[in-house]
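Peer 1: With these hints in hand, go ahead and build the complete structure from the sequences.
Residue numbering for the sequence shown follows our numbering, beginning at 2 and increasing consecutively.
Some clues are possibly wrong.
With a cut-off of at most 20 Å between alpha-carbon atoms, the simulated PhoX-like pairs for lysine-lysine come out as follows [as the list claims (entries may be wrong)]:
no., residue 1, residue 2
1, K135, K42
2, K278, K42
3, K721, K773
4, K278, K92
5, K634, K659
6, K232, K92
7, K92, K135
8, K194, K135
9, K659, K623
10, K225, K273
11, K255, K278
12, K647, K482
13, K634, K623
14, K42, K160
15, K225, K248
16, K248, K232
17, K421, K647
18, K194, K257
19, K721, K659
What follows is a set of in silico ranges between Cβ atoms, one per label pair, in the way DEER data are often shown [to be verified]:
no., residue 1, residue 2, range
20, G558, K773, 33 to 39 Å
21, E277, W156, 28 to 34 Å
22, E298, L806, 28 to 34 Å
23, D766, S745, 20 to 26 Å
24, D765, Q797, 17 to 23 Å
25, G731, D766, 15 to 21 Å
The set of hints was computed from the structure by calculation and includes no laboratory data.
For clarity, every value in this text was computed on a predicted model and none was experimentally measured.
Where a beta carbon is used, it is the ideal one built from N, C-alpha and C, also for glycine.
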Amino acid sequence: MKIFSSLKVWFQNKWQRRRFRWLSYASLAMLIIYLCCLPSKLFQDPYSTVLEDRNGLLLGARIAADGQWRFPPMDSVPRKFAASIIAFEDKRFYSHLGVDPLATARALRLNLSQSRVVSGGSTLSMQVIRMSRKGKGRTIPEKILEMILATRLEWRYDKAEILNLYASHAPFGGNVVGLDAAAWKYFGRSADKLSWSEAATLAVLPNAPSLIHPGRNRDALERKRNFLLDKLYQNQTIDSLTCALAKLEPLPQKPKPLPSFAPHLLEKVHQKHLAEKPERTILATTLHRETQRQVNEIVKQHYYSLRQNEIHNAAVLVLEVETGDVLAYVGNTPCQTEDQACAVDVIPSRRSTGSILKPFLYASMINEGELLPDMLVPDVPSYYAGYNPTNYNRTYQGAVPASRALARSLNIPAVRMLSKYGVPRFRHNLQRLGLTTIDRPAADYGLTLVLGGAEASLWDLAGTYGSMARTLNDHLYYGGKYDPKAFHAPNYQIQQSQGRLNPDQFDQLREQGTLDAAAIYHTFEAMVEVTRPENEEFWQAFSSSRKIAWKTGTSYGFRDAWAIGCTPEYVVAVWVGNADGEGRPGLIGTRAAAPILFDVFASLGGANTWFEPPIDEMEFIKVCRHTGHRASKICPDIDTTWVPQKGLRIEPCPYHEKVFLDQSGTFQVSSECESPLNMQQASFLVLPPNMETYYRQAHPDFVPIPAFRSDCLAHQPPQKQMAIIYPRNGTKIYLPRELDGTLSSVVFEAAHRDPATLIYWHLDDKYLGDTKELHEMELQPEAGWHTLSLVDENGQRISCRFEILARED
Numbered sequence: 002m003k004i005f006s007s008l009k010v011w012f013q014n015k016w017q018r019r020r021f022r023w024l025s026y027a028s029l030a031m032l033i034i035y036l037c038c039l040p041s042k043l044f045q046d047p048y049s050t051v052l053e054d055r056n057g058l059l060l061g062a063r064i065a066a067d068g069q070w071r072f073p074p075m076d077s078v079p080r081k082f083a084a085s086i087i088a089f090e091d092k093r094f095y096s097h098l099g100v101d102p103l104a105t106a107r108a109l110r111l112n113l114s115q116s117r118v119v120s121g122g123s124t125l126s127m128q129v130i131r132m133s134r135k136g137k138g139r140t141i142p143e144k145i146l147e148m149i150l151a152t153r154l155e156w157r158y159d160k161a162e163i164l165n166l167y168a169s170h171a172p173f174g175g176n177v178v179g180l181d182a183a184a185w186k187y188f189g190r191s192a193d194k195l196s197w198s199e200a201a202t203l204a205v206l207p208n209a210p211s212l213i214h215p216g217r218n219r220d221a222l223e224r225k226r227n228f229l230l231d232k233l234y235q236n237q238t239i240d241s242l243t244c245a246l247a248k249l250e251p252l253p254q255k256p257k258p259l260p261s262f263a264p265h266l267l268e269k270v271h272q273k274h275l276a277e278k279p280e281r282t283i284l285a286t287t288l289h290r291e292t293q294r295q296v297n298e299i300v301k302q303h304y305y306s307l308r309q310n311e312i313h314n315a316a317v318l319v320l321e322v323e324t325g326d327v328l329a330y331v332g333n334t335p336c337q338t339e340d341q342a343c344a345v346d347v348i349p350s351r352r353s354t355g356s357i358l359k360p361f362l363y364a365s366m367i368n369e370g371e372l373l374p375d376m377l378v379p380d381v382p383s384y385y386a387g388y389n390p391t392n393y394n395r396t397y398q399g400a401v402p403a404s405r406a407l408a409r410s411l412n413i414p415a416v417r418m419l420s421k422y423g424v425p426r427f428r429h430n431l432q433r434l435g436l437t438t439i440d441r442p443a444a445d446y447g448l449t450l451v452l453g454g455a456e457a458s459l460w461d462l463a464g465t466y467g468s469m470a471r472t473l474n475d476h477l478y479y480g481g482k483y484d485p486k487a488f489h490a491p492n493y494q495i496q497q498s499q500g501r502l503n504p505d506q507f508d509q510l511r512e513q514g515t516l517d518a519a520a521i522y523h524t525f526e527a528m529v530e531v532t533r534p535e536n537e538e539f540w541q542a543f544s545s546s547r548k549i550a551w552k553t554g555t556s557y558g559f560r561d562a563w564a565i566g567c568t569p570e571y572v573v574a575v576w577v578g579n580a581d582g583e584g585r586p587g588l589i590g591t592r593a594a595a596p597i598l599f600d601v602f603a604s605l606g607g608a609n610t611w612f613e614p615p616i617d618e619m620e621f622i623k624v625c626r627h628t629g630h631r632a633s634k635i636c637p638d639i640d641t642t643w644v645p646q647k648g649l650r651i652e653p654c655p656y657h658e659k660v661f662l663d664q665s666g667t668f669q670v671s672s673e674c675e676s677p678l679n680m681q682q683a684s685f686l687v688l689p690p691n692m693e694t695y696y697r698q699a700h701p702d703f704v705p706i707p708a709f710r711s712d713c714l715a716h717q718p719p720q721k722q723m724a725i726i727y728p729r730n731g732t733k734i735y736l737p738r739e740l741d742g743t744l745s746s747v748v749f750e751a752a753h754r755d756p757a758t759l760i761y762w763h764l765d766d767k768y769l770g771d772t773k774e775l776h777e778m779e780l781q782p783e784a785g786w787h788t789l790s791l792v793d794e795n796g797q798r799i800s801c802r803f804e805i806l807a808r809e810d
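Peer 2: In structure tokens:
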């Protein structure tokens with residue numbers, strides 16, 4: 002019997018141990034299931050792309066991929082809405098653990114007494130779970146599952162995070178999801194700016210979102226809102242006056258359109274987000290909403306006048322100089338029809354540059370000690386292997402100061418300067434300055450590089466002008482040194498914003514910059530003198546007028562009009578034209594783009610300041626007043642001015658010559674024909690004949706060097722009195738054939754110090770005729786090599802050889 006009793010006890014204990022073990026396994030499994038039952042990411046919904054300005058104000062948004070206006074989750078829930086939604090939906094939110102037993106019991110009692118579902122008893126945590134599970138039926142098993150998941154939710158998130166999840170994903174009627182989107186769609190403001198009435202209205206909507214439809218159930222919505230306001234008053238969240246005033250506020254009508262201040266930047270950001278697939282699709286930009294709004298309005302007003310000339314597109318970029326941050330981004334005009342291509346963002350587009358690159362050449366030559374700011378550069382008809390640039394007004398000055406050539410945007414001096422400086426060097430410099438679109442070999446551009454033979458974007462150009470201004474601003478702060486990262490592209494993202502280096506970062510500074518401050522300063526000083534549009538023509542007469550360094554550009558065929566200007570604070574860059582490349586008469590920088598530029602500057606306000614001259618990089622020297630060179634001992638008129646130190650390499654004035662005149666001062670003489678006692682010394686400006694011809698026409702006060710007295714001629718070597726302007730020696734001239742098979746004509750040009758002198762023309766020793774005053778002759782040579790010879794009435798002779806290449810087309 003004892004054996005049987007022992008066996009019985011052994012089997013009972015074994016069974017208990019096994020049952021305990023199975024219960025332990027089951028409990029562990031249930032715990033694991035419970036811990037893993039909540040997805041790592043509750044909501045998989047796509048979000049709208051949202052653009053905010055530097056102060057967090059909404060600039061625009063793109064609807065989410067599923068057609069819902071669903072903004073990304075907020076950082077925190079505004080106080081008014083939090084108080085309203087808790088009072089209305091879950092008054093014990095902060096005390097329960099996901100399930101409110103009292104609310105559940107109350108809901109069960111009501112539902113049983115009414116024999117239908119009157120109340121769900123759901124907490125905000127349970128509603129978050131229900132929203133995340135998308136369309137599940139409101140059954141008892143589903144409700145139990147919601148309770149379980151809600152308690153798990155409380156383990157993972159704190160109360161503020163749960164409230165945020167609810168506010169960010171609750172339905173607010175139609176295709177509006179989330180508090181942020183609802184606040185903008187129904188009240189036109191951000192959620193943190195809502196009044197108590199507006200917050201209460203939105204708090205009752207997720208309970209019955211169909212109430213928001215215009216003209217439907219307005220009374221029911223108002224009753225619910227007022228009921229909640231009374232509740233907020235009863236629990237002392239608001240006072241009686243606030244409650245009464247809130248009830249008087251009108252209900253929202255139909256949904257409002259979202260702000261659309263920067264649609265082209267929004268599209269740019271949206272496409273970037275589609276490619277990168279970031280977790281958050283809210284971009285905090287550097288834009289300033291009020292500045293953006295003002296620039297939008299300016300572009301809109303100018304568009305109405307531009308379209309009268311069938312000019313349909315314009316773009317404006319405004320930068321803050323100190324950081325390079327974008328303050329306003331207007332990618333195009335607000336025109337309505339698709340054929341006007343207003344959806345195209347012109348700012349990053351490649352467009353022909355026109356003359357907008359000329360300041361970079363001027364600055365580069367000054368920077369490398371190859372030019373002084375007011376040094377004379379030739380302005381005469383010029384020919385380069387089939388390329389003959391002309392000035393816009395088809396006139397020539399003979400020679401002009403480089404600064405004036407830049408201010409007047411003269412083409413021939415610019416081409417002459419580039420020919421001297423070198424196209425490969427200039428192309429390399431443009432790339433260093435930040436013009437990423439200058440990406441073809443230098444030979445592809447040739448000398449047209451400075452006149453519109455290249456393409457650039459408004460983005461790059463604004464960034465480069467801004468970098469120049471920043472370098473000049475920072476020169477004194479950095480003790481004459483340079484930040485190697487000062488030249489950088491514009492930036493529209495807050496987190497990438499750049500500013501000055503801190504003193505503990507000064508070890509990064511360099512002795513040389515991309516451009517020296519002195520070169521930049523003199524370039525900006527020259528750009529100030531660019532003639533402004535009619536309504537700004539007499540700006541210097543008004544003390545309130547702002548000093549602006551600016552430049553225009555017009556592309557070949559009147560397809561692109563540019564205007565870019567900068568001050569120590571801002572850069573404004575403007576492009577006007579047609580996105581499809583259609584040219585229009587009058588589409589030039591001064592008329593089409595410059596008025597927009599000055600209107601934008603006027604709207605920016607700010608101090609009327611100017612750049613401090615970088616004196617430590619300059620020398621105060623004597624310069625020849627007539628030529629801009631360092632003054633020589635024989636320069637008759639001398640000025641003193643600040644010039645870059647590197648400019649001291651330039652030779653003294655080569656254009657003044659000392660001569661001896663007779664006692665009357667009328668003729669040149671020498672010791673061979675006149676006693677030194679009867680001579681007087683004088684200094685004259687002597688230019689090459691081709692330069693002097695045009696210089697004399699543009700300067701009535703010009704005094705040419707006197708001729709030698711007749712009795713002195715035999716003792717003097719002949720002076721060069723003539724010059725062949727076109728063709729140059731060795732030129733190949735391509736001529737098409739006319740319909741009758743003959744070659745087209747070509748005009749040859751010459752210059753003489755004394756225009757009244759007769760010049761006799763010969764082609765291959767065949768006499769052609771003579772000219773006086775205007776030394777031009779239209780010829781029709783046959784194909785092959787020819788020799789052009791010119792003889793003046795004094796017997797001086799010059800010649801050149803050229804080749805005619807006939808084209809059959």
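Peer 1: Now look at each hint and say whether the structure bears it out.
Peer 2: Tested hints:
1. Note on K135 and K42: the hinted pairing holds, with a Cα-Cα distance of about 14 Å set against a maximum of 20 Å.
2. Among the hinted pairs, K278 with K42 is consistent with the structure: their alpha-carbon atoms are about 16 Å apart, no more than 20 Å.
3. Our distance criterion of 20 Å between C-alpha atoms is met by K721 and K773, whose separation comes to about 18 Å.
4. Pair hint K278 plus K92 does not hold up; C-alpha atoms about 38 Å apart against a cutoff of 20 Å.
5. The straight-line distance between the Cα atoms of K634 and K659 is roughly 10 Å, inside the 20 Å bound, and the hint therefore holds.
6. A C-alpha spacing of about 11 Å is found between K232 and K92, which places the hinted pair at or below 20 Å, so the restraint holds.
7. With a C-alpha separation of about 25 Å, the suggested pair K92 and K135 falls outside the 20 Å cut-off, and the hint is violated.
8. Proposed proximity of K194 and K135 is contradicted: the alpha carbons are some 30 Å apart, above 20 Å.
9. With a CA separation close to 19 Å, the supplied pair K659 and K623 stays within the 20 Å bound.
10. Taken as a hint, the K225 and K273 pair is broken in the structure, with Cα atoms around 43 Å apart against an allowance of 20 Å.
11. In summary, the hint linking K255 to K278 is not supported, as the alpha carbons are separated by about 33 Å, beyond the 20 Å threshold.
12. For the hint linking K647 to K482, the alpha-carbon distance of about 16 Å falls within 20 Å, and the restraint holds.
13. Straight-line distance between C-alpha atoms of K634 and K623 comes to about 11 Å, which keeps the hinted pair within the 20 Å bound.
14. For the given pair, K42 sits about 17 Å from K160 by alpha-carbon distance, which is consistent with the 20 Å threshold.
15. Straight-line distance between C-alpha atoms of K225 and K248 comes to about 11 Å, which keeps the hinted pair within the 20 Å bound.
16. A hinted pair counts as satisfied when its Cα atoms are at most 20 Å apart, and K248 with K232 qualifies at roughly 13 Å.
17. Distance restraint check for K421 and K647: the Cα-Cα separation of roughly 17 Å lies within the 20 Å cut-off, and the hinted pair is therefore satisfied.
18. Using a Cα cut-off of 20 Å, the hinted pair K194 and K257 holds, with the two alpha carbons roughly 16 Å apart.
19. Distance check on the hinted pair: K721 and K659 sit about 17 Å apart at the alpha-carbon level, within 20 Å; holds.
20. Separated by about 38 Å at the C-beta atoms, G558 and K773 satisfy the suggested range of 33 to 39 Å.
21. Checked against the hint of 28 to 34 Å, the C-beta distance between E277 and W156 comes to roughly 33 Å, which is consistent with it.
22. Our hint of 28 to 34 Å for E298 and L806 is violated, since their Cβ atoms are close to 56 Å apart.
23. Between D766 and S745 the beta carbons are some 24 Å apart, a value that agrees with the proposed interval 20 to 26 Å.
24. Checking the proposed 17 to 23 Å range against D765 and Q797 shows it holds: the Cβ atoms sit about 20 Å from each other.
25. For G731 and D766, the hinted distance range of 15 to 21 Å is satisfied, since their beta carbons lie about 19 Å from each other.
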